[in-house]
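Visitor: Chain by chain, the residues:
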Amino acid sequence: MDLLLSIDNLNVYFYRSEGVLKAVDGISYNLHKGEVLGIVGESGSGKSVSVLSIVRLLPANGKIVDGSISFDGKDILKLSMNELQDIRGKDIGFVFQDPMSSLNPVITVGQQVMEPLLWHNLCSREEAYKRAKNMLGMVGIPFPEERMKEYPFQFSGGMRQRVMIAIALICNPKLLIADEPTTSLDVTTQAQIIRLLKNMRSELDMSVILITHNLALTSNFCDRLIIMYASNMMETGGTKDVLNTPSHPYTRFLLDAVPDIEVEKELVPIPGTIPDLINPPEGCKFHPRCPMSMDICRTEKPPLFPVGDGHYSACWLCGRE
Amino acid sequence: MGNKKRIGRSYWSNIWEKFKRNKLAVFGLIFVCILILLGISAPWLAPYPYDEVHYEAVWTPPCREFLAGTDQLGRDIFSRLLYSLRNAIIVGLGAQSLIVVIGLTLGLIAGFYGGKTDNILMRIVDIVYSFPSYLLNIILVLVLGRGYFSIFVAIAATGWAGMARLVRGQTLSTKSRDFVEAARASGAGNNRIMFRYILPNIIGPVIYSIFSGIPGVMLVESGLSLIGLGVRPPMPSWGLMISEGTGQFLYNPYMLLAPAGMLVLTILSFNFVAFGLRDALSARE
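Respectively, the protein sequence lines represent chains A and B. Position one of the first sequence corresponds to residue 1 (the working numbering), numbered consecutively onward. Position one of the second sequence corresponds to residue 1 (the working numbering), numbered consecutively onward.
Treat the hints with caution; some may be incorrect.
Unchecked claim - Calculated lysine-lysine pairs in the DSS-like style (CA-CA distance at most 25 Å, straight line):
no. : chain 1 : residue 1 : chain 2 : residue 2
1   : A       : 22        : A       : 78
2   : A       : 33        : A       : 149
3   : B       : 175       : A       : 63
4   : A       : 149       : B       : 20
5   : A       : 133       : A       : 149
6   : A       : 149       : B       : 116
7   : A       : 301       : A       : 265
8   : A       : 63        : A       : 301
9   : A       : 63        : B       : 116
10  : A       : 130       : A       : 174
11  : A       : 198       : A       : 133
12  : A       : 174       : A       : 149
Claimed, not checked - Derived DEER-like restraints, expressed as beta-carbon distance ranges:
no. : chain 1 : residue 1 : chain 2 : residue 2 : range
13  : B       : 190       : A       : 77        : 44 to 54 Å
14  : B       : 149       : A       : 63        : 41 to 51 Å
15  : A       : 65        : B       : 126       : 32 to 42 Å
16  : A       : 30        : B       : 178       : 49 to 59 Å
17  : A       : 274       : B       : 178       : 44 to 54 Å
Just so you know, these hints were derived from the structure itself, not from any lab. The C-beta atom is built at its ideal place from N, Cα and C for all residues, glycine as well.
In isolation and in its complexed conformation, chain A is listed as follows (with noise of 0.2 Å):
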């Protein structure tokens, strides 16, 4: 397969008044074309900043200080502005979080369908029209030549992300970036809107990164998975291997912490909480919660050592064997 994004040795601080902010702490994975990669993590550990880092859509205080970024052979961190803008929206799609917030309320939803096509000047506005109630359409809103013509606040919270997720995909990206596109929905629409990005990654043939805290929603999308915490990965591999076979002890966690409709069992709360990011503890970032943790651990950070084929676990238990 070919590859679409490699990210090498990532590092993204935040200069904040109380200090420096790692939020991504030396980050490295690869995507290829037409693959589903899930990005899983609680909040605030450098999920979302380590891919807005892609297209550099970074708040005023954050910086990339060190690594390499390069999409579809390019080196994103030697762009200019002008060739970000190109990329943003054309190339790389982008779903956030919140749909009641993310669209304009004084435009009608057509227009912001339909603005990405002439923004990026792909085609005639007489096109753009009818490729915008397509797209609608496609990501199942009925009456779309009608709908388009109203406004943001007319859309209920699954429908307002589906509009999302046609304007992420109108310009057919290579990349979509979906930052928890259902963690503001209710259950229900939740798995609506994860069936919708499943089918249209199918039909448009593009690759996804898919931001979660949610591991039950990984299980049927995504080929590969990267489990973060605290800036780090902590464990990164296919899917199955990972979810069946986990072997950071942060991801067994997260595992037991994941309810099961059919299995009766006890939710298990990770203890401790998640560290102080900017003096954050030496060595591996989870020792201090884990039950396993060893003196190796308190005072160097474990490299990803590899468990099985494709799949690395940062954990020096896996370094031992």
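Based on the hints, put chain B in the right spot on chain A.
Guide: Frame of chain A, contents of chain B only:
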């Protein structure tokens, strides 16, 4: 939802619905429209030219011939009121447009780009804000000479600071909303963000501020006329007429009451519209 055609309700029709519920505001709006029409058609409606003197009819109380009486030169007060209204509207709209252009541009730039630009622009705003504006108005009119344009400039030179502050604040809060980031993610540049995403979303408070500012501008013009620095006589102005009327209040009270009443009515009706707009615009989404 059915197969029936859905009734599209736009942002503005929504605001209009809310505005209509406020009877006082609707009344004010109707009155404002009438005033503007009267002002525009003053040259045709006025029974006499504003500067025609009738020495045979000095200080005539209101009668059939002179609807609002005559002044010390026998000029028809009703005609002069109409022309004053015309002047007040010209000054109100003219100066206010200048204020909007300057305030909106600088406020948008300051709020959007932030940092050093913001700092410099806002310090200028602070300086203009802390200046005694009436004094500055007088100086500017004296320097520039009397006339519509110098009155516009004098009023706008002190009035834009408030508008710039308002726009900057609104821009700052809109800039950080999710849909702006979403627009960036789909490839929008700075100009598109400013004009398509920020400006339409802050236009509500700006419209309110435009409307509520018009009476203030009219008052400043009246204040300037009161000390003889407004529009050039014999062109009438409410301020000038009021100052002429005060001396005659005990003998010919209509000379004061007529222009003062018109001034109050005009300002009240603009304010009612402004309040109605504020309520309609604030309750959106």
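Visitor: Compare the structure with each hint and give your call.
Guide: Here's how the hints hold up against the structure:
| no. | hint | result |
| --- | --- | --- |
| 1 | 22(A) to 78(A) | holds (22 Å) |
| 2 | 33(A) to 149(A) | violated (35 Å) |
| 3 | 175(B) to 63(A) | holds (20 Å) |
| 4 | 149(A) to 20(B) | holds (24 Å) |
| 5 | 133(A) to 149(A) | holds (11 Å) |
| 6 | 149(A) to 116(B) | violated (41 Å) |
| 7 | 301(A) to 265(A) | violated (33 Å) |
| 8 | 63(A) to 301(A) | holds (23 Å) |
| 9 | 63(A) to 116(B) | holds (19 Å) |
| 10 | 130(A) to 174(A) | holds (21 Å) |
| 11 | 198(A) to 133(A) | holds (20 Å) |
| 12 | 174(A) to 149(A) | violated (29 Å) |
| 13 | 190(B) to 77(A): 44 to 54 Å | violated (20 Å) |
| 14 | 149(B) to 63(A): 41 to 51 Å | holds (50 Å) |
| 15 | 65(A) to 126(B): 32 to 42 Å | holds (37 Å) |
| 16 | 30(A) to 178(B): 49 to 59 Å | violated (30 Å) |
| 17 | 274(A) to 178(B): 44 to 54 Å | violated (24 Å) |
Of the hints listed earlier, those the structure fails to meet are numbers 2, 6, 7, 12, 13, 16, 17, in rising order.
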